[in-house]
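S.K.: Chain by chain, the residues run as shown.
Number of protein chains: 2
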Amino acid sequence: MKNRYEIRLSGSGGQGMITAGIILAEAAGVYDGKNVVQSQSYGPEARGGASKAEVIISDKEIFYPKATAIDILLAMTQEAWEKYSSDLNPDAVAIVDSWYVKDLDKPGVISLPLSQKAREEVGLEIIANVIALAAIAQITGVVSREALERSLLSRVPKGTEEKNRQALEIGFRLGKEAKK
Amino acid sequence: MKNRYEIRLSGSGGQGMITAGIILAEAAGVYDGKNVVQSQSYGPEARGGASKAEVIISDKEIFYPKATAIDILLAMTQEAWEKYSSDLNPDAVAIVDSWYVKDLDKPGVISLPLSQKAREEVGLEIIANVIALAAIAQITGVVSREALERSLLSRVPKGTEEKNRQALEIGFRLGKEAKK
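Sequences listed follow chains A and B, in order.
Just so we're aligned, residue 422 is where the first sequence starts under the working numbering, counting upward by one.
Just so we're aligned, residue 422 is where the second sequence starts under the working numbering, counting upward by one.
Derived from the structure by calculation, the hints contain no laboratory data.
You may find that some hints are simply not true.
Copies of the same chain look alike in the list, so a pair counts if it fits in one copy or across any two.
List of simulated lysine to aspartate or glutamate pairs, DMTMM-like, C-alpha gap at most 20 Å [stated by the list, open to error]:
#1 Lys597 <-> Glu567
#2 Lys523 <-> Glu500
#3 Lys523 <-> Glu570
#4 Lys481 <-> Glu542
#5 Lys504 <-> Glu482
#6 Lys579 <-> Glu546
#7 Lys523 <-> Glu583
#8 Lys481 <-> Asp453
#9 Lys579 <-> Glu482
#10 Lys597 <-> Asp526
#11 Lys600 <-> Glu503
#12 Lys423 <-> Asp492
#13 Lys504 <-> Glu542
#14 Lys504 <-> Glu590
#15 Lys600 <-> Asp512
#16 Lys597 <-> Asp480
With the hints as extra help, turn the sequences into a complete structure.
M.R.: Printed below as a string of structure tokens:
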């Protein structure tokens, strides 16, 4: 494991990337005991359909909280991929949604049916962000499965726990298959 | 108006400071057209009861997204006040909750019945964060009332719009009275 991970979660405005960033940050910071800074930008340069949240996770204190070279990128739409995939580390893990991101200009990208499984298995497309977090945890180990589950269940609206647990399981499964 | 404002919203874990930070950031960034970076930290140094969210609002691009000297501080608890009021600008606006923050070691602090009005007038203490945002908008002008209302209503759960509008009005009123 590296000392410092920079993670960028990107998609369109309604896909819950900010919520996903906060769930991941709380998982790593509160439950895994890491130092975490989570941020999002708004404004002219952040306009348009694409939206992103960034999480920096470190074993040490974080003095420079701006992401500089992304280690883990999630892109839920083609626009997000094109806008936010330029500053990846050479050994970065890039995960995209196979339904919305068709055109990949880099090799080695992991394409997963995140939104498709959310629709077909959970019946709720918005929960694709949870499936994505679980896949990221499984593939990269940047956060523990237990911490992710605790953070998620402390934040979701009452009555949706079961669907969220189901989304986690789907994401862990997709992550395992991707690592094979 | 200055070019760059650094705002810190602090309180205990359950008081909705992160949500307030995101509502304020979206109001200024999406609806007022400013450049905004919103962030929160987790981890060993962020442990304990106190929680904070920071928002930087600027007319220009934000190259250094770490808060350095706070222009506007909200402290909803005594612990948050003690932990997060040390790096204020000399001319900072400091707003505290009059119910939970009793012991002030600086002059000129604005003490408002945020949680008390939330309980007594709205019947919902958690909505004190919205009252606080409205008071901040009214007192400092860092975000427009219209932008704050639009951002808030786009984020709150369905069915709670009326209580949130009521909380905004209470906050605007408290802000006006504080400025007299």
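S.K.: Could you run down the list of hints and mark each one as holding or not?
M.R.: Hints and how they fare:
no.	hint	in the structure
1	Lys597 <-> Glu567	within (16 Å within a copy, 47 Å between copies)
2	Lys523 <-> Glu500	within (11 Å within a copy, 50 Å between copies)
3	Lys523 <-> Glu570	neither (30 Å within a copy, 38 Å between copies)
4	Lys481 <-> Glu542	neither (39 Å within a copy, 45 Å between copies)
5	Lys504 <-> Glu482	between (29 Å within a copy, 17 Å between copies)
6	Lys579 <-> Glu546	both (18 Å within a copy, 19 Å between copies)
7	Lys523 <-> Glu583	neither (31 Å within a copy, 42 Å between copies)
8	Lys481 <-> Asp453	within (13 Å within a copy, 36 Å between copies)
9	Lys579 <-> Glu482	neither (34 Å within a copy, 39 Å between copies)
10	Lys597 <-> Asp526	neither (24 Å within a copy, 55 Å between copies)
11	Lys600 <-> Glu503	neither (24 Å within a copy, 47 Å between copies)
12	Lys423 <-> Asp492	within (10 Å within a copy, 36 Å between copies)
13	Lys504 <-> Glu542	neither (30 Å within a copy, 46 Å between copies)
14	Lys504 <-> Glu590	neither (30 Å within a copy, 39 Å between copies)
15	Lys600 <-> Asp512	within (15 Å within a copy, 54 Å between copies)
16	Lys597 <-> Asp480	neither (25 Å within a copy, 45 Å between copies)
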